[in-house]
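Please build the complex by placing chain B on the supplied structure of chain A, with the hints as guidance.
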Amino acid sequence: MMRAGLRRGDKRRLVPRWLDPHGRHLGTWAFVANRLTGLGLVVYLYLHLVILSTLLRGPEAWDGLVELFRRPVFLAFDVLLVAGLAFHGFNGLRVALVGSGLLVDRHKALLVAAGTLVGLVTLVAAVRIVG
Amino acid sequence: MATRTEEDFTEATRRRRRPRPTFAWVAQVVSGVLLLVLLTAHMVAQHFVVEGGLRTYDQVIAWIRNPVVFAVEALLLVCVTWHGIAGVHAVLLDLGLRGRAERIVARVLLDLAVATILYGLWLLYMLAFRG
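So the protein lines, in turn, are chains A and B. Per my numbering, the first sequence starts with residue 1, numbered consecutively. Per my numbering, the second sequence starts with residue 132, numbered consecutively.
Mixed in with the good hints there might be a few duds.
Said to hold, decoys possible - Covered stretches of chain A, going by a simulated chain B footprint (3 or more residues, C-beta under 8 angstroms): (1) 32–40; (2) 44–55; (3) 82–93; (4) 105–119.
Stated by the list, open to error - To list a few chain A residues with every Cβ distance to chain B over 12 angstroms, as calculated: (5) H22; (6) R24; (7) H25; (8) L26; (9) G27; (10) W29.
Hints listed in this document are in silico derivations from the structure and should not be mistaken for laboratory results. C-beta: ideal position from N, C-alpha, C; glycine also.
The shape of chain B in the complex, shown without the other chains:
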């Protein structure tokens, strides 16, 4: 069995002292990494490869009717809303929001996130199937 060096011990100690990541932190990191990929795809496909930088109405409707594009845009909507609303909550915690006020604000933010996602999905559906 290998002898533990001083450096190993220091690292092990440092790891033990580090608090366990919260669900909010992990979700923020995961949604952030997903957004790096999804937003890059969104910006390139929607703006950089299109003549003039923006799609016309007919081009938008034809584009969003592609099932893969629809799914990617829906996933982007969920990730960006979660990441944004959770980020606002984190900032409010930084600014000292605590107790009952924090619980009320967290509930309002959660409702806002759900409403945003539902509206965005409805908008996508209307454009893809009724546009």
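Chain A on its own, in the form it takes in the complex:
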């Protein structure tokens, strides 16, 4: 599996090395961003399960929560969530292709394509959610 340039068994502090800008290419930053959005989405998965569990408490509890989630701050969070999902999905597809040895020579074009798709999806979602 791709390791973002980190050597196996490296004893030095790996978190600072992950975020060390020296000698890092854009693709490596995108890989690190994929890891970070992934961790954020795992946290959201469990938050989502906790929220969905409110359904077990019946219509009043759930419908009250739905009203709360229609407030602007939660709608903004929804747009951020879609942006995170789109980035992790499209950039993850790029990482999978390059990591599998496919389109390695086109990795920059793939990054641009992923970025464009993320922007488009986020824009459409923002218009749909906030508009």
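Just chain B now, with coordinates in the frame of chain A:
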């Protein structure tokens, strides 16, 4: 028989040097591609085509009672849990987790994934058949 060109040879050599993909890598790619489809369907059906962006209690129960929706949501739960937990494991490997500690953490993560999937399936069942 066609003569192997220098370019062919280079590509063949490159392929030979590439390490065989691990099961974890293949499973992460397959679950990731499935998630691109399933999450898109989930987001569009659950949030983008619904008036106000969120279903009321009665709408959620009616929706989840559809057998196709139930199956798709169950598959989404399995894929997203596997992908998320395996992703956390990969990040911990990146950060240098090795040996006995890695085996313990891997076991805990596997148990967490199983518990998450079982809880999610129970929640789906309760909403579809007892809601």
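Hints, one by one, checked against the model:
1. Here the stretch 32–40 of chain A counts 3 residues with a CB under 8 angstroms from a CB of chain B, which clears the bar of 3, and the coverage holds.
2. Residues of the stretch 44–55 of chain A with a Cβ under 8 angstroms from some Cβ of chain B number 6, which satisfies the need for three, so the listed coverage holds.
3. With 5 residues bearing a CB less than 8 angstroms from a CB of chain B, the stretch 82–93 of chain A meets the requirement of three and the coverage assertion stands.
4. Counting residues of the stretch 105–119 of chain A whose CB lies closer than 8 angstroms to any CB of chain B gives 0, which falls below the minimum of 3, so the coverage claim is violated.
5. At the 12 angstroms boundary, the C-beta of H22 of chain A stays outside the reach of chain B, the nearest C-beta of that chain being 18 angstroms off.
6. Listed as outside the interface, R24 of chain A is consistent with that label: its C-beta sits roughly 15 angstroms from the nearest C-beta of chain B, beyond the 12 angstroms cut-off.
7. Consistency note on H25 of chain A: stated as away from chain B, and its beta-carbon is indeed over 12 angstroms from all of that chain's, at 17 angstroms minimum.
8. At the 12 angstroms boundary, the C-beta of L26 of chain A stays outside the reach of chain B, the nearest C-beta of that chain being 19 angstroms off.
9. Annotated as non-interface, G27 of chain A keeps its C-beta farther than 12 angstroms from every C-beta of chain B; the closest such distance is 16 angstroms.
10. Remark: the non-interface label on W29 of chain A is consistent with the geometry, its nearest Cβ contact in chain B lying 15 angstroms away (cut-off 12 angstroms).
Going down the numbered hints, you'll see the structure goes against just number 4.
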